[in-house]
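When we follow the numbering used here, the leftmost residue of the sequence shown carries the number 161, and every step to the right adds one.
If you're looking for bench data, these hints aren't it; they were derived computationally from the structure. A couple of the hints might just be wrong.
Keeping only pairs whose Cα atoms sit at most 20 Å apart, straight-line, the calculated SDA-like set for lysine to any residue is [unchecked claim]: (1) 625 / 636; (2) 338 / 351; (3) 162 / 666; (4) 314 / 263; (5) 287 / 214; (6) 678 / 163; (7) 287 / 212; (8) 548 / 688; (9) 391 / 443; (10) 391 / 300; (11) 338 / 354; (12) 219 / 237; (13) 208 / 192; (14) 678 / 202; (15) 185 / 203; (16) 667 / 345; (17) 219 / 245; (18) 313 / 303; (19) 648 / 263; (20) 548 / 163; (21) 515 / 403; (22) 391 / 208; (23) 222 / 391; (24) 281 / 680; (25) 514 / 193; (26) 548 / 166; (27) 514 / 409; (28) 625 / 639; (29) 642 / 560; (30) 563 / 504.
Computed Cβ-Cβ distance ranges for the label pairs, DEER-style [what the hints assert, rightly or not]: (31) 550 / 689: 16 to 22 Å; (32) 214 / 648: 42 to 48 Å; (33) 690 / 550: 16 to 22 Å; (34) 180 / 467: 44 to 50 Å; (35) 416 / 175: 20 to 26 Å; (36) 447 / 180: 28 to 34 Å; (37) 364 / 209: 37 to 43 Å; (38) 214 / 364: 27 to 33 Å; (39) 690 / 617: 40 to 46 Å.
Every residue, glycine too, gets a C-beta built ideally from N, C-alpha and C.
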Amino acid sequence: MKATYIDYSETQSFSPAVLGYLDGKPEYDSFISYRPNLEGFTALLKNKNVIADRQVLLKVLKEQYREIELQENSLVGRNIESLSGESTYTITTGHQLNLFTGPLYFIFKIVTAINLASELKANFPEKDFVPVYWMATEDHDFDEINHTYIGGKKVSWTNAASGATGRLNMNNIGEAIKEYTGVLGLTENAMELSNLIETAYSQNTLAGATRYLVHELFEEYGLVVLDADCKEFKSQFAGIIFDDITGGNSFHNISKSIIALQNAGIDAPVNPREINFFYLTEGLRERIVLQNERYTVLNSEISFSQNELKTEIQNFPERFSPNVVMRPLYQEVILPNIAYIGGGAEVVYWLELKKNFDHYQVDFPILILRNSALIDGNKLKNVLQLLKLKPGDLFKTADALKKQWVTAHSEHTLNLQDEWREMQCIFEKLKLRAQKIDPTLSASADAVKARLSRAIIRLEKKMVKAEKRNYADSLQRIDNFKRQLFPKGGLQERSENFGLFYVAHGKSFISSLISNFKPLDFKFSILQAE
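Start from the sequences, fold in the hints, and give me the full structure.
Put into structure tokens, the structure is as follows:
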């Protein structure tokens, strides 16, 4: 695939807050550590204070990879081993355990992390950088992850689920696999992906299935998959867990940051709770709240005094699960991390967190917006040329594109601007004449002019509509590519699964993304089949 790059602003799909961050506006400086460029990484690497226990990290990762047979001299294995060295750092992205990886941006996040690690290695050859996919195994929102869309078809996993999704077994997954693989077809690439899906989801848990699938897709690029639902990791975080639950530090710090962001004109997408942890056991992940001087687990009979809470955290830290505003801090405590790759909403909510990081004396990573792309399949590769559209035109509404195309190709002049200018001159003369007779008639003249202006606009629309009927075939092509490239009226990457693109291109689909994504350029990619 070949790439065309356009500014994110041209897509009309990213918030002003994200665009302001990418533009390096000074009002963002107090909410970040360093700017997302090589100069920022130079400064961060010079000052980075790693508090992660590298030996624990190495031990846990080796245990988690026991069920995966790494190839001889595997880059993944070498990357895991390198994490024990003081000059190795991680580049992390994270996401929920979406069924069959869910929407395309799941894949895009990981590719961005891989490419950033490579780019940093090229610029800082004396150091090593390991791309990490952080599986959100503790998330409990099954309804968000139990489906995907492939070729516009919704494929769902029907299952009675509760507790952390990473711990779910693979009961009743067979029908979803059958539906998904049925869409893929019977080509060689389709059969390869079908076999991969079936093998991955034969693992014992959803975490195991996701690890296997992601590993098989990205092993050659050295991606390390990490499950932080782990007692050894939580033990490093235990002191912060107790301090934050009992002191409400994250609530106070993040609330202050939200006010500061709003004062800077930046909308904050996530609000903290007074306690930002869940209690986690098999089949249970419920919020902890303070009620009647006891720390109570909602929808259960579990509660603790402050002393009992301290003992529980010391003995069973794995039972305390951070929510969306505390998970980033947990990540930075257990990893030697220098960058986080996130989508637009993620980058903005991370801006709320730096004050809390400072409170706990944990280094804040550089925030990188993941690469975004629109992928143009073989059937559509000639649309731009045929309709004589520029890449940025793709993001206009279908109606706007049709009007633009008809106006450009019609043999007739479809706007009445020249005629309206002539009529405005006439009205000025009429207004002057009316004023001489009676000054109060000036308003009447303006009212007649306004009514005529609206009539002219309506006539223009009717002329364009009539001419559209003469170009029905070309305009139908616009409707067709808009439906295919923008499913459900939104960006393709936010709903469509990677499966059919893998079927069309095989493993070269991933390698094309690797070749074309540029993490620090911050451009939207339009990828077209050659």
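**Q.** Hints the structure fails to honour
**A.** 22, 30
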